[in-house]
Amino acid sequence: MSSHDYRINAEVRRFLVSRWVDVSLLQIGTTNGVVYLMGSFEPLVEDALQRVGQMQERDPAQRLLRLLLLVEKELRRLRGVRDVVFNLRNARRKGGIWRVKGPQGDVFLADGKKKQHGSGETTQGAPAQDEASDDERTDTTPGTR
Amino acid sequence: MTNERTPLRALGELLRALDARIERHPNYPDLRNLRGLARIYSGDHDGAFADLVEALRLHSQYEAALVNMAWLHAERREPDLVRAVLREPRGRRLRPGLRVHLQVLEAQVRDGAEAALGVLDAYAAQPRPEPEPWHELDRLWLAVQLERWDLVDAQVRRLVAQQAAIGPILHQVGLVGRGSAGRAAFATWNQCYRGNPHVAALLRECARLRAAGAAFSDCEDILRWSAVLSLDLCDFWLVVGEQHDFEARDADAESAFRQAMQFDSRRAQPYIKLGQLYAACGRPQEAIRELQHAASLQPRYADVRYLLGLLLEDLGQLPEAEGHLRTALDINTRYTLARLSLGYLLATRGRWRDAVKQLEQVRAEGLVSSDLETRLAEVYEQLGRHEDATLARQRALSPESDTDDG
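Protein chains in written order, with the working numbering: chain E, 1 to 145; chain B, 1001 to 1406.
Think of the hints as simulated: they come from the structure by calculation, not from any bench. Cβ coordinates follow ideal geometry from the N, Cα and C atoms, glycine included. Keep in mind that a hint or two might mislead.
Unchecked claim - Footprint (simulated), chain E over chain B, 3 or more residues, beta carbon under 8 Å:
#	segment
1	1338-1348
2	1365-1371
Claimed, not checked - Chain B is nowhere near these chain E residues, computed Cβ spacing over 12 Å in every case:
#	residue
3	4
4	37
5	55
6	69
7	73
8	74
9	77
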């Protein structure tokens, strides 16, 4: 980790706090500009989305996914961040699609455009989209601090 | 204090947040304990009882939950149950000073404030009493109940003489100069203490919660209430420093962490926070100094070892860095980020077999990234494992393709 990484790490932590994410449940690390978030990703308050100026979701699983997607996008815009790697207990990503278990089955979300409930392992109908659009922005926009 | 209801209003907000967190984590005793405490103040005594029983079921030696249970019984005017807490095996194991704090509580509920003061005096007269900050606060509180203003003033002077910084805080909550301006705040202090002064822990959580979105001054008000209910100025400055840090006011954060150290030089947390701050500010030597001190105070703190390992690696002190990273993993075998850093460090030192073992373990723990796969490919090449290297490079191109989906 270089001194640059420590600064990124501090900014990531501050950013997560400002988005009402419970950082006490996360391991946060940065190595060579790659940000690692591990543990449980959870908001501190139920209306975290509303508090950051987003439309509120009624379904808790959808709320969590929308917040996650928002955070991922914004973290990638931080200056010096090359990649953001998640290893979360309560949400998984495959092929650019986030998935979390909700009360009515699995909930999927990609890029905040579509969402749906499923019942098992299948992800049919979920939008096929990878992270390329986000990656293109890396290092091109100024940090948010 | 401009609004006497500030601390208790903040509790309502925290109670809602705790409900949501307990729904997700029903087996965390500290969350149950905090909600039990908050429910005492919301008047939901049955709910508080259920939470504290559950906290003690999840963690049978949970001291704070036991103390809060005693305060709940006191709130319900049940001195026999307060005594029962003191007599049960867990109650008997409480440190002597804390037991006296609860004996004062029992005496107050059973026989009144004068009798409770007698308990404190008798304990202070013992050959080797083990005083606690609670005793100072209990004495202040009981003098207020008896309207013995001479005793109140003497106790305030005593506290300020011990810690000058507590003076302005006591003034702000109406315990100094009880004029009309401070009357409302004074009433709130009474209300908070009567319910359970351990609410201070909850108020610090409130401040942390509010810091995410509210004005800093709002948090600071709540923190002052926390300080006046616990006399824990170290924790007060620690949370103030965290708030400055969150808002990127580095100099203010540094100053606050140093204040925290002055109030309790045996606590590792202010040194850790200052070390992290220095690391983020590009001051590695100072960061190492603070973190080494923290490690001497709390040798089994994995985060400190991890950060020391990273900082020493940057300075080229690779054997020392490796030692700290290995210690972090000894303390917490599932510390994946420490294992990742150790794997990279071993690769840098050309210890390929050790490196591949650590990095493969990182993969097995579920961390999937292009960076890791690329580094693994390099290490496999060094070991002559060309097929594994090719596979790792393929995974590096689409790191999510084989993510465990469970």
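| Indices of hints not satisfied (ascending) | 3 and 4
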